[in-house]
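Participant: Chain by chain, the residues:
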Amino acid sequence: MSAYSVTEPSRASKSIAAVLVVVYAIITLLPLLWIISTGFKSGPDSISYPPKVLFEPSLEGYVNLFTTRTRIGAEQFAALPPPETWYDEIVRQSGTVIAGPSRFGERFMNSVIIGFGSTALSIFLGTLAAYAFSRFKVPLKDDLLFFILSTRMMPPIAVAIPIYLMYRELGLSDTHLGMILLYTAVNISLAVWLLKGFIDEIPREYEEAALIDGYTRFQAFRKVVLPQAATGIASTAIFCLIFAWNEYAFAVLLTSGKAQTAPPFIPTIIGVGGQDWPAVAAGATLFLLPVMIFTILLRKHLLRGITFGAVRK
Amino acid sequence: MAEVVLSHVSKSFGAARAVRDVSLTIPDGAFVVLLGPTGAGKTTTLRLIAGLERPDSGDIAIGGASVVQDMPAQRDVAMVFQQYSLYPHLSVRDNLAFPLRSPVINMAEPDIAKRVQAVADALRIGHKLDNKATALSGGEMQRVSIGRALVRQPRIYLMDEPLSSLDAKLRADLRVELKRIHAELGATFLYVTHDQIEAMTMATHVGVLDRGGLVQFGTPRQIYVDPVSTYVASRLGQPRITLLPAGTFGPGAPAGATQMGLRPEHIVIGEGQPATVRRVERLGDQTRLHLRLGPHEIVTLADPHTPLATGDSIAIRPQTPLWFDASGTRIQG
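Protein chains in written order, with this note's numbering: chain A, 1 to 313; chain B, 1 to 333.
Extracted from the complex, chain A is given alone in its bound form (with noise of 0.2 Å):
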C-alpha cells in the first residue's frame, strides 16, 4: 500500500492547484476549440483577421466535406429549379451546384475499420501472448520481450521503403487487411508489455482455483484473468486505437484508393475551390469523435477490477 498524507492540503494550494489545472486546461483546448468553431464558420469568417471569436454559424463546412460542387455559368444557374433541400440551399449561395457526394464517408468508414480491426486484433494477440509470457515458462522469454519491445526502438517510418515494396509483392498495398495487419504489427509490442504488466499483477491462485474447480486452463483465462484484466485490457486499447486512428505516414505511403484512411483524405479537401478551411476543420472535429467516444465508454472499466483485498498478502 502507498503512503499518503494525513493532512488535508491548506485553501490556499488548493485554489492554486485549482488555477493551473483549468490554465493547462485552456492552454491544451484552445487548439480543439478553434478546430471546431472554424468548421462552424463561414468561409470568409474562418480567415478574419483578427479571428471571429463571436460568429453567425454556418453548416456550409460540413456540407462541403460531404459534397462535390461545380460552378456554372450564370445564365444555367439562374434557370435552375427552387433548392430542394437546406444543403442544396447554402452550396448554391457561393454560387455553386451540388455535383455527388465527397469521398469523406468511405474515407471516414476505412479509418473505422482499419482503426478498431487493428485494436481488436492487437488486444486478442497481445493478451494471449501478454498471458503466455506472463504464466508460462516460455524458452528464451526474456530475449523474446526485449525483442518484441525493440520494434518500436525505431519511428515505424524508417522501414517504409521495406514495406511498401513487400505490401506491393505480397498485394497489401491499399486493402483493409494490409493496413490493420500493419497497424497490428506495430501496436502488439505495446500491446504485450502493457497488458503483460497488467496480467503480472493478477495472482496466479485465482486460476489456480479455477483449475482445482473443475475448469480447464484456457477457461479459467477466460473467466477468472479476463474480468480482472479488463483495466489494462480498456487501456490498452485506447491506446492501440489512439496510434491506428492518428497514424498519417503509412497512411499517405500505402493507400491512395479503397483503403484510404482519414488522416491522409483530410488535407485533400483544401484544394477543392479554393483554401476551404471550414470543410477541413468539420473534417478533423468529425474524426475526433470517435475515439473520443471509445474513451468514453471504456472510462468505466478503468476504474474497475480493482482486486485490493481479495488476497491476503
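Derived by calculation from the structure, the hints in this document are not laboratory data.
Glycine included, each C-beta is placed from N, C-alpha and C at the ideal position.
Honestly, I wouldn't trust all of these hints.
[Stated by the list, open to error] As a list, the in silico BS3-like pairs of lysine-lysine whose alpha-carbon atoms are at most 27 Å apart: (1) B:Lys-132 - A:Lys-300; (2) B:Lys-114 - B:Lys-132; (3) A:Lys-223 - B:Lys-132.
[What the hints assert, rightly or not] In silico negatives: residues of chain B with every beta carbon more than 10 Å from chain A: (4) Arg-20; (5) Gly-256; (6) Ala-309.
Let chain A serve as the given structure and place chain B on it in line with the hints.
Facilitator: Just chain B, lined up with the frame of chain A:
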C-alpha cells in the same frame, strides 16, 4: 471419496528440495493433518496432490489410479487456499457456485442455488451471498473459500491452513464444524497446519514433516506418546516437552541415550531432586510451573489451584521419560 497414495514423491524448486521421497497413504474417509513449521513442504505436498505442481519423481494415486498426468480438473479434488483466493469480480453467491458451474460438474441452476444456500447457512454467511467477494471481512472471506470447497463432493478435500487467519472463537467453531462435516460426509481430508491443537482435535492421522521429508505418520495419540525423534516430540504438547541431558537425575538411562524428554506427565512433584520455582503461569484451567533445576529450565503443569509461588522450592523426579540419542532419534527405554 477415495484413498490417496503418495509413493516416493519428490519435488524441487531450483536448488530447494521442497518435498523429498514422501510416501504416505491417506485412507478413505480419514482426516489427515500434516504438521510442520513453515518450509517443511506441507503446502507443496497439497499442491502436488491437487495437480498444481508435478512431482519430479514418484507417483500419486487417487482411488487406485495414478493421477500424475492428470490436470487438476480431472483429479476431482477441492482445495482451500491459505490466501482465500476468492474471485474478486464475482459475488459471494457466484464464488460458491463457480465449481458447480464448471464443465466437469455442470449442475442445474436450481440445484446450485439450493446447495449454495445450504453451505452458506452452515458457514453462517447466508446473509452475505449478494455481497461482492471483496466486500467481506477476512474471516468471512475465509469461510467463503471453505464453502467453495464444501459445495462439491470431491474425492478429497485439501485444506491449506484454512483457519490460520481467523480469530480464536471462530477458529474453535469452525474446527467443530469441519469435524462435523467430516463425520457426516465420510469425506477424506488432507489438512495442513502448524497449529497442534487443530492437529490433535481434528485428525484421525497426523503426518509430521521436517524439511520436505515425512518423519512420522500415525494417530495423534501415537505421535504424542511415541514420537520417533525430539523433532516430532516437540511438535505436539502444551507446554512443550523439556529436553535434558540423560544423566540429570542420576543413572538409569538406556545405552546410547544422551537426552531425556520430559512432558508434564513424566514429572512427579513431591519427591526426588530439589528445583526452584521461577515463575507460575495461572491460565485458569491449568497452571504452568517454570522450574530451575541446576542449569536447566523445566516447564511442567501443576494443580490449577496450587499454592506454589515464585521462589518456592519443590522436589521433582522423572517417571518413564522419553529417551533420545545425540542425533535426536528415539531410543526405547
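Participant: Would you mind marking each hint as holding or not holding in the structure?
Facilitator: Evaluated hints:
no. : hint                  : verdict
1   : B:Lys-132 - A:Lys-300 : 18 Å, holds
2   : B:Lys-114 - B:Lys-132 : 20 Å, holds
3   : A:Lys-223 - B:Lys-132 : 16 Å, holds
4   : Arg-20                : 23 Å, holds
5   : Gly-256               : 47 Å, holds
6   : Ala-309               : 44 Å, holds
In summary, the structure agrees with every hint in the numbered list given earlier.
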